[in-house]
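Please build the complex by placing chain B on the supplied structure of chain A, with the hints as guidance.
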Amino acid sequence: MIFQMEHVVKKYGAHAALDDVNLSIQQGAIYGLIGENGAGKTTLIRILCGLAYPTQGKIYLFGDDTKAGQVKQRKRMGCLVESPALYPDMTAEQNLEVHRLQRGIPGKDCIQETLTLVGLENTGHKKAKNFSLGMRQRLALAIALLSKPEFLVLDEPTNGLDPMGIVELRELLLHLNQEKNMTILISSHILSEMYQLATDYGILHKGKFLEQITKDELNEKCKKYLSIQVADTAKASAVIEQQLKTVHYEVTNQEIRLYAYLDQPEVVLKVLADADIKIKKVAPSGEDLEGYFTSLIRRS
Amino acid sequence: MGKQIKVELYKLLHSRTTYVSLIGYLFLLLIFFASGSVFMMVAGNLSVPSESIGFFKGIADGINIPIQISVLRSAHSFIIFSWLIGLNLCISTFSSETKNRTLSLYICEGGKAETLYIAKMFAICIVTTILQLIFTLLCLFLMAGQLNYPLTTSEVLQTVGIALLNSVVLLAFLEFSVFMLTLLRSRIAVELILCLIPLIGAILYGTSFAEIQATGVQTPLVIKILPTYYWANLASLRLIDGIIWEALIYSILLFCGAAMGTVILLKHREMK
Numbered sequence: 001m002i003f004q005m006e007h008v009v010k011k012y013g014a015h016a017a018l019d020d021v022n023l024s025i026q027q028g029a030i031y032g033l034i035g036e037n038g039a040g041k042t043t044l045i046r047i048l049c050g051l052a053y054p055t056q057g058k059i060y061l062f063g064d065d066t067k068a069g070q071v072k073q074r075k076r077m078g079c080l081v082e083s084p085a086l087y088p089d090m091t092a093e094q095n096l097e098v099h100r101l102q103r104g105i106p107g108k109d110c111i112q113e114t115l116t117l118v119g120l121e122n123t124g125h126k127k128a129k130n131f132s133l134g135m136r137q138r139l140a141l142a143i144a145l146l147s148k149p150e151f152l153v154l155d156e157p158t159n160g161l162d163p164m165g166i167v168e169l170r171e172l173l174l175h176l177n178q179e180k181n182m183t184i185l186i187s188s189h190i191l192s193e194m195y196q197l198a199t200d201y202g203i204l205h206k207g208k209f210l211e212q213i214t215k216d217e218l219n220e221k222c223k224k225y226l227s228i229q230v231a232d233t234a235k236a237s238a239v240i241e242q243q244l245k246t247v248h249y250e251v252t253n254q255e256i257r258l259y260a261y262l263d264q265p266e267v268v269l270k271v272l273a274d275a276d277i278k279i280k281k282v283a284p285s286g287e288d289l290e291g292y293f294t295s296l297i298r299r300s
Numbered sequence: 001m002g003k004q005i006k007v008e009l010y011k012l013l014h015s016r017t018t019y020v021s022l023i024g025y026l027f028l029l030l031i032f033f034a035s036g037s038v039f040m041m042v043a044g045n046l047s048v049p050s051e052s053i054g055f056f057k058g059i060a061d062g063i064n065i066p067i068q069i070s071v072l073r074s075a076h077s078f079i080i081f082s083w084l085i086g087l088n089l090c091i092s093t094f095s096s097e098t099k100n101r102t103l104s105l106y107i108c109e110g111g112k113a114e115t116l117y118i119a120k121m122f123a124i125c126i127v128t129t130i131l132q133l134i135f136t137l138l139c140l141f142l143m144a145g146q147l148n149y150p151l152t153t154s155e156v157l158q159t160v161g162i163a164l165l166n167s168v169v170l171l172a173f174l175e176f177s178v179f180m181l182t183l184l185r186s187r188i189a190v191e192l193i194l195c196l197i198p199l200i201g202a203i204l205y206g207t208s209f210a211e212i213q214a215t216g217v218q219t220p221l222v223i224k225i226l227p228t229y230y231w232a233n234l235a236s237l238r239l240i241d242g243i244i245w246e247a248l249i250y251s252i253l254l255f256c257g258a259a260m261g262t263v264i265l266l267k268h269r270e271m272k
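One line per chain: the protein sequences are A and B, in this order. Residues 1 to 300 in our numbering are what the first sequence lists, from first letter to last. Residues 1 to 272 in our numbering are what the second sequence lists, from first letter to last.
I should point out that these hints are in silico values taken from the structure, not numbers from a laboratory. Careful: at least some of the hints might be erroneous.
Claimed, not checked - Far from chain A by the CB rule (all over 10 Å, computed), these chain B residues:
1. L29
2. A34
3. V38
4. I69
5. N88
6. K112
7. T129
8. F141
9. V160
10. V168
11. E191
12. L194
13. V217
14. K224
To be verified - Heads up, simulated BS3-like pairs for lysine-lysine below, C-alpha to C-alpha not over 30 Å straight-line:
15. K280/A <-> K270/A
16. K75/A <-> K99/B
17. K67/A <-> K3/B
18. K75/A <-> K6/B
Using N, Cα and C, we set each Cβ at its ideal position, and we do this for glycine too.
Okay, chain A solo, but in the shape it has when bound (with noise of 0.2 Å):
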């Protein structure tokens, strides 16, 4: 386990920024952090770094649980927290020598070969206050990936990346994860971008988390299907079976989902109609992250 929250409480005066919220990260995993703008994702991806202590609750990082522990267990990690922290007046590569010697690593060839992994390896003598928005979030990225960390923590890292820059981004984070075994916990409000690249994901509404779930288990949850809306369920769905040899459906009130014949709605319509069933309507559905996200937070 490399991070974990047991009913963790985060308050600013009355006000609840997290309440009783429980998550864990496994070693290998991309964790995607969803929620709307203060839902408590900042909160508590501060607090796993060390900028805010929770009110209630337990954290373990990389199994320690103690202040002092938690401080040395962070040199493991790399950040970008927010908004980009940069020296404004430096360029990209003094930007990279600063934090390569205040973590001592050896060596300068570091500092070329993370800048070409991200991207900014001809930036010349060009200051970061004069980098574009995409740019120096990519410089941030840099700093967070330097000393090759085994946690990876991104706080909205695709603001103000064209949308090249967020597939290199994309590309580049599954390529740390899988080659390098590199965990990484990412917020996003991108949810298309979250589910190509997230392998579990925490849904985080109002300070409350409602709900962490794998890919596969959302994968199971949001399956495409035909929704087939009859009068008489019961007949259409042994007609179903007969004819059409699946017993891949479910019924829910006046619904049929079919989950075969995806392709060959004019197969199942054949079929149903031969049977003199009153047909409402045929039509492919099934939800996405999105969908998902949107039903469950209208459901709490």
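Below, chain B alone, put in the same frame as chain A:
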């Protein structure tokens, strides 16, 4: 800690504020070179050096105030301005760590805020002392050159000694400014307060200097908790009444008190 001091010196070397400070010192030097005789915030019997305080540049009458005293006093006179450069360097450097969120990042990656603060303060102390010393010596050589006064080694050493003492008082004040910055978390408020208070102290000291013994306890106390009291005495070479010890004790107490306060705040407060 050594590693972090090296980092802080590297940051200072690449910081625009350091170069702004150098330009500030050069600008002051230009004013020093171009200006004639100047009294600044002076008080007492001006024709008797041991009975007057303040900042005297190029003041000599050849009888009561010999040229030697004038040259030596002139070397220290512009501390009345140069402390502002040190203050700006210190506050800019510290506040930029918060503004740029680099202090937060340092903590995120396993650093302690107090380690960064101590190392940064150490680096600023070194840089400020060196800059103040060079500035004072340049003022000394310029003044001696202008008045064709042949300096002796002991006079140069005395100037170095007083310049260092002035710097020690300045460093304690800078430490206090960092404490205020950590407490108030507002660079503008701190700079405004700390730019005005010492000057108010100098004015208060100047106006009450002649009858300071008769002003009771409060006025001397207020005057003595501000650095301009020590600078006004040291810069005018009024090295009497144990002023050197007073300056040292004041600096040590202010420095240690402010440092402890800052460390406590950093240890127990959450980062913004």
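The hints, checked one at a time:
1. L29: holds, 24 Å
2. A34: holds, 31 Å
3. V38: Nearest chain A Cβ is 35 Å from V38/B, so the label holds.
4. I69: holds, 43 Å
5. N88: Correct as stated: the minimum Cβ-Cβ distance to chain A is 15 Å, above 10 Å.
6. K112: At roughly 6 Å from the nearest Cβ of chain A, K112/B sits no farther out than 10 Å, so the non-interface label is violated.
7. T129: holds, 23 Å
8. F141: holds, 32 Å
9. V160: Non-interface label stands for V160/B: nearest chain A Cβ at 32 Å, farther than 10 Å.
10. V168: holds, 29 Å
11. E191: With a cut-off of 10 Å, E191/B remains clear of chain A, as the shortest Cβ separation is near 20 Å.
12. L194: Non-interface label on L194/B holds, nearest chain A Cβ at 24 Å vs cutoff 10 Å.
13. V217: V217/B is indeed farther than 10 Å from all Cβ atoms of chain A, at 42 Å.
14. K224: holds, 39 Å
15. K280/A <-> K270/A: Between K280/A and K270/A the Cα gap is close to 14 Å, so the pair holds against 30 Å.
16. K75/A <-> K99/B: This hinted pair holds, its Cα atoms lying about 23 Å apart.
17. K67/A <-> K3/B: With a Cα-Cα distance of about 23 Å, the restraint between K67/A and K3/B holds, given a limit of 30 Å.
18. K75/A <-> K6/B: holds, 19 Å
When each numbered hint is compared with the structure, a violation occurs for hint 6 only.
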